[in-house]
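S.K.: Listed below are the residues making up each chain.
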Amino acid sequence: MDKDMKRSIILDNYQNPDKKMVSGDEYIKINTRNVSCIDNLDIYLKVNNGIIEDITFEGEACVISISSTNILINLLVGKKVEDGIGIIDNYLKMINEEEYDASKLRELMVFDDTSKQPSRIKCATLSANGIKEFLEKKKNHS
Amino acid sequence: MKREDFKILDNNLVYFDNGATTLKPKCVRDAIIKYYDQYSANAHRGDYKISAIVDNLYEKTREKVKNFIGAKETSEIVFTSGTTNGMNMIVFGFFKDYLKEGDEVLITLSEHASNIVPWFILQKEMGIKVKYIDLDDNHEVTVQNVRKAITDKTKVVSLAHVTNVIGDERPIKDIAKVCHENNILLVVDAAQSIAHKRINVQDWDIDFMAFSGHKMYGPTGIGVLYGKFDLLDKMKPSNYGGGMNAIFTKDGYVELREIPTRLEGGTPNIEGVIGLGEAISYIESIGIDKISEYEEELKKYLISKLSDLDFIEIYNKENKGNIVAFNIKGVFAQDTAVYLDKYNICVRAGNHCAKMIDNVFNISNTVRISLSFYNTKEEIDLLINVLKNSSNIWKEIL
Numbered sequence: 001m002d003k004d005m006k007r008s009i010i011l012d013n014y015q016n017p018d019k020k021m022v023s024g025d026e027y028i029k030i031n032t033r034n035v036s037c038i039d040n041l042d043i044y045l046k047v048n049n050g051i052i053e054d055i056t057f058e059g060e061a062c063v064i065s066i067s068s069t070n071i072l073i074n075l076l077v078g079k080k081v082e083d084g085i086g087i088i089d090n091y092l093k094m095i096n097e098e099e100y101d102a103s104k105l106r107e108l109m110v111f112d113d114t115s116k117q118p119s120r121i122k123c124a125t126l127s128a129n130g131i132k133e134f135l136e137k138k139k140n141h142s
Numbered sequence: 143m144k145r146e147d148f149k150i151l152d153n154n155l156v157y158f159d160n161g162a163t164t165l166k167p168k169c170v171r172d173a174i175i176k177y178y179d180q181y182s183a184n185a186h187r188g189d190y191k192i193s194a195i196v197d198n199l200y201e202k203t204r205e206k207v208k209n210f211i212g213a214k215e216t217s218e219i220v221f222t223s224g225t226t227n228g229m230n231m232i233v234f235g236f237f238k239d240y241l242k243e244g245d246e247v248l249i250t251l252s253e254h255a256s257n258i259v260p261w262f263i264l265q266k267e268m269g270i271k272v273k274y275i276d277l278d279d280n281h282e283v284t285v286q287n288v289r290k291a292i293t294d295k296t297k298v299v300s301l302a303h304v305t306n307v308i309g310d311e312r313p314i315k316d317i318a319k320v321c322h323e324n325n326i327l328l329v330v331d332a333a334q335s336i337a338h339k340r341i342n343v344q345d346w347d348i349d350f351m352a353f354s355g356h357k358m359y360g361p362t363g364i365g366v367l368y369g370k371f372d373l374l375d376k377m378k379p380s381n382y383g384g385g386m387n388a389i390f391t392k393d394g395y396v397e398l399r400e401i402p403t404r405l406e407g408g409t410p411n412i413e414g415v416i417g418l419g420e421a422i423s424y425i426e427s428i429g430i431d432k433i434s435e436y437e438e439e440l441k442k443y444l445i446s447k448l449s450d451l452d453f454i455e456i457y458n459k460e461n462k463g464n465i466v467a468f469n470i471k472g473v474f475a476q477d478t479a480v481y482l483d484k485y486n487i488c489v490r491a492g493n494h495c496a497k498m499i500d501n502v503f504n505i506s507n508t509v510r511i512s513l514s515f516y517n518t519k520e521e522i523d524l525l526i527n528v529l530k531n532s533s534n535i536w537k538e539i540l
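Protein chains in written order, with this note's numbering: chain A, 1 to 142; chain B, 143 to 540.
Quick caveat, the hints were computed from the structure, so don't treat them as lab data. It should be emphasised that the depicted structure is a prediction, and the values quoted were computed from it without experimental measurement. For every residue, glycine included, the Cβ atom is placed at its ideal position computed from N, Cα and C. Among the clues, some could well be false.
Examples of chain A residues toward chain B, derived with CB under 7 Å [what the hints assert, rightly or not]:
1) 10
2) 11
3) 38
Simulated pairs of lysine-lysine, DSBU-like, Cα-Cα distance not exceeding 30 Å [stated by the list, open to error]:
4) A:20 <-> B:537
5) B:484 <-> A:3
6) B:537 <-> A:122
7) B:537 <-> A:3
8) A:80 <-> A:139
9) A:20 <-> B:471
10) A:116 <-> B:471
11) B:484 <-> B:442
12) B:484 <-> A:93
13) B:266 <-> A:29
14) B:471 <-> A:122
15) B:370 <-> B:208
16) A:122 <-> B:484
17) A:93 <-> B:530
18) B:530 <-> A:6
19) B:484 <-> B:447
20) A:116 <-> B:149
21) A:116 <-> B:530
22) B:144 <-> B:519
23) B:378 <-> B:297
24) B:530 <-> A:3
25) A:116 <-> B:484
26) B:176 <-> B:144
27) A:122 <-> B:530
28) B:537 <-> A:6
29) A:6 <-> B:471
30) B:202 <-> B:168
31) B:471 <-> B:530
32) B:537 <-> A:104
33) B:202 <-> B:144
34) A:6 <-> B:149
35) B:315 <-> B:378
The shape of chain A in the complex, shown without the other chains:
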């Protein structure tokens, strides 16, 4: 993917994030603010019978944070919990410059050179870590 293409996907998910909305009582809300001084996202998750039925998010954060959250969520919705965890693990490996399976990451590939900007790594992994923690708890309790 060339740089212009990446930029336009990142920006589109930042400026028109389709999953950015508050969700109701049937969702479980987690917050990511404790990890970072500045990004503050609430994530709403609906997981039933081992399936990630829906995720939305709301809050204030930087372009990388919002965009990566929106793209990740779109990739996770409809997947089994363990497959979701697999996607996130792969994504985190990519961000941390470890070996990863690119075929699983689709649009998340726009962040494949984020590791070159160390100050952005936290932004790119904030939601992924929060969602992963939640999904792992779900997996262990089901």
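Mind docking chain B on chain A? Use the hints.
M.R.: Just chain B, lined up with the frame of chain A:
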């Protein structure tokens, strides 16, 4: 002004984050290296020559601090690890015994975490009540609003002299007067002001004050706690052990030393103290009033240039001081900071550890520029030019 004293500025760095920490002049570095190279002994052990030198430098710094803030006695100056440490000593070493359940502490919504969280913990531990002084339309504290917030239960007012988000200066001397008329003690967090404004603890009648060395051109890990002698004398040490005891015997009898030594248990941060002493001499060689005047002029210039840009929102146009808080409209503060960093311009983005500030501004994150005397109008012009081209921001940072 004096840019040549800062080696780091040789690399075309535009450093606008002086509220976080200031740069260190060569003389501070040299003083620390000299300590390690020539007399790196412990303090208060003056039985040999190099130790006596250290003793002397250590206590000389106390004297310099005393004179710098206008304290009455050197015994009122305690070395700490920084403002946070000082504020915690004040809250838990003094006020935990001084206050009773139901007593009230007055702060504001724009305080830094270190003047909020310790009080919240004390509130939880012993049932005191933390209340807020209203801010005016400029987000500033007025004497009138302090008066309004006082009740017969108010026992302490605890305020930053200058806040770290918008840089407004509080009328400390007038507030102290109101406090003392009502038998209230006044605690001042001087972290943001100590390197930028002249402070006189005696003239202003401040009861306790804390500040950090690294925000005044000194090293990190060193700070100062000031307290009026009679109050400080009642403070409980947070560290018991070496250096602070006078006598102890096998039946458990302990007698502690006098202040300030009693409050400085353990081997102190000697290089920090020596560096701080050098930093104070450095500030005084320029003159704190001259620094104040220059920085205010610089801020006016920055505000006037920023005001010309219609895509910039400024949050503290009216406040004096050395801090400007702004955003590029529609751009998250952190993205602006990353963009400016591409041009070697260092600014801070965020809530600046004042996490209740969104109650004041209706916006929690800003880009903060905090100026120092080594900043110049040319640097501001460069910033303005970069901001003018910020329609390119996504191309630059993505």
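S.K.: Against this structure, judge whether each hint is valid.
M.R.: Comparing the hints with the structure gives:
With 7 Å as the threshold, the beta carbon of residue 10 of chain A comes within range of chain B, its nearest partner Cβ sitting at about 5 Å, so the hint holds. A cut of 7 Å between beta carbons decides the hint on residue 11 of chain A: the least distance to chain B is about 6 Å, and the hint holds. Hint on residue 38 of chain A holds. Least Cβ distance to chain B is approximately 4 Å, under the 7 Å limit. Taken as a hint, the residue 20 of chain A and residue 537 of chain B pair is honoured in the structure, with Cα atoms around 24 Å apart against an allowance of 30 Å.
As the CA atoms of residue 484 of chain B and residue 3 of chain A are separated by approximately 17 Å, the hinted pair is consistent with the 30 Å bound. At roughly 21 Å between alpha-carbon atoms, residue 537 of chain B and residue 122 of chain A fall within 30 Å of each other, so this suggested pair holds. With a C-alpha separation of about 9 Å, the suggested pairing of residue 537 of chain B with residue 3 of chain A holds against the 30 Å cut-off. For the given pair, residue 80 of chain A sits about 10 Å from residue 139 of chain A by alpha-carbon distance, which is consistent with the 30 Å threshold.
Distance hint between residue 20 of chain A and residue 471 of chain B is fulfilled; the C-alpha atoms sit about 20 Å from each other, no more than 30 Å. Note on residue 116 of chain A and residue 471 of chain B: the hinted pairing holds, with a Cα-Cα distance of about 27 Å set against a maximum of 30 Å. Only pairs whose Cα atoms come within 30 Å are accepted, and residue 484 of chain B paired with residue 442 of chain B is accepted, the gap being roughly 25 Å. At roughly 26 Å between alpha-carbon atoms, residue 484 of chain B and residue 93 of chain A fall within 30 Å of each other, so this suggested pair holds.
A distance of roughly 27 Å separates the Cα atoms of residue 266 of chain B and residue 29 of chain A; the hinted pair therefore holds under the 30 Å criterion. Between the alpha carbons of residue 471 of chain B and residue 122 of chain A the distance comes to roughly 24 Å, so the proposed pair stays at or under 30 Å and holds. A hinted pair counts as satisfied when its Cα atoms are at most 30 Å apart, and residue 370 of chain B with residue 208 of chain B qualifies at roughly 12 Å. Of the supplied pair hints, the one linking residue 122 of chain A and residue 484 of chain B holds, its CA atoms being roughly 19 Å apart against a limit of 30 Å.
For the proposed pair residue 93 of chain A and residue 530 of chain B, the alpha carbon gap of about 38 Å is over 30 Å, so the pair is violated. Note on residue 530 of chain B and residue 6 of chain A: the hinted pairing holds, with a Cα-Cα distance of about 25 Å set against a maximum of 30 Å. Our distance criterion of 30 Å between C-alpha atoms is met by residue 484 of chain B and residue 447 of chain B, whose separation comes to about 21 Å. Taken as a hint, the residue 116 of chain A and residue 149 of chain B pair is honoured in the structure, with Cα atoms around 27 Å apart against an allowance of 30 Å.
As the CA atoms of residue 116 of chain A and residue 530 of chain B are separated by approximately 26 Å, the hinted pair is consistent with the 30 Å bound. For the suggested pair residue 144 of chain B and residue 519 of chain B, the alpha carbons sit about 14 Å apart, so the restraint of at most 30 Å is met. Taking the CA atoms of residue 378 of chain B and residue 297 of chain B, the gap is near 19 Å; set against the 30 Å cutoff, the hint holds. The suggested pairing of residue 530 of chain B with residue 3 of chain A holds, with an alpha-carbon distance near 24 Å, which does not exceed 30 Å.
Under the criterion of a C-alpha separation no larger than 30 Å, the hint pairing residue 116 of chain A with residue 484 of chain B is consistent with the structure, at around 13 Å. Simply put, residue 176 of chain B and residue 144 of chain B have alpha-carbon atoms about 22 Å apart, close enough for the 30 Å limit, and the pair holds. Among the hinted pairs, residue 122 of chain A with residue 530 of chain B is consistent with the structure: their alpha-carbon atoms are about 28 Å apart, no more than 30 Å. Distance restraint check for residue 537 of chain B and residue 6 of chain A: the Cα-Cα separation of roughly 11 Å lies within the 30 Å cut-off, and the hinted pair is therefore satisfied.
Proposed proximity of residue 6 of chain A and residue 471 of chain B is supported: the alpha carbons are some 24 Å apart, at most 30 Å. This hinted pair checks out: residue 202 of chain B and residue 168 of chain B have alpha carbons roughly 20 Å apart, not beyond 30 Å. A distance of roughly 13 Å separates the Cα atoms of residue 471 of chain B and residue 530 of chain B; the hinted pair therefore holds under the 30 Å criterion. Taking the CA atoms of residue 537 of chain B and residue 104 of chain A, the gap is near 27 Å; set against the 30 Å cutoff, the hint holds.
A threshold of 30 Å between alpha carbons decides the hint, and for residue 202 of chain B with residue 144 of chain B the separation of about 25 Å falls inside it, so the pair holds. Taking the CA atoms of residue 6 of chain A and residue 149 of chain B, the gap is near 39 Å; set against the 30 Å cutoff, the hint is violated. Between residue 315 of chain B and residue 378 of chain B the alpha-carbon distance is near 27 Å, which keeps this suggested pair within the 30 Å criterion.
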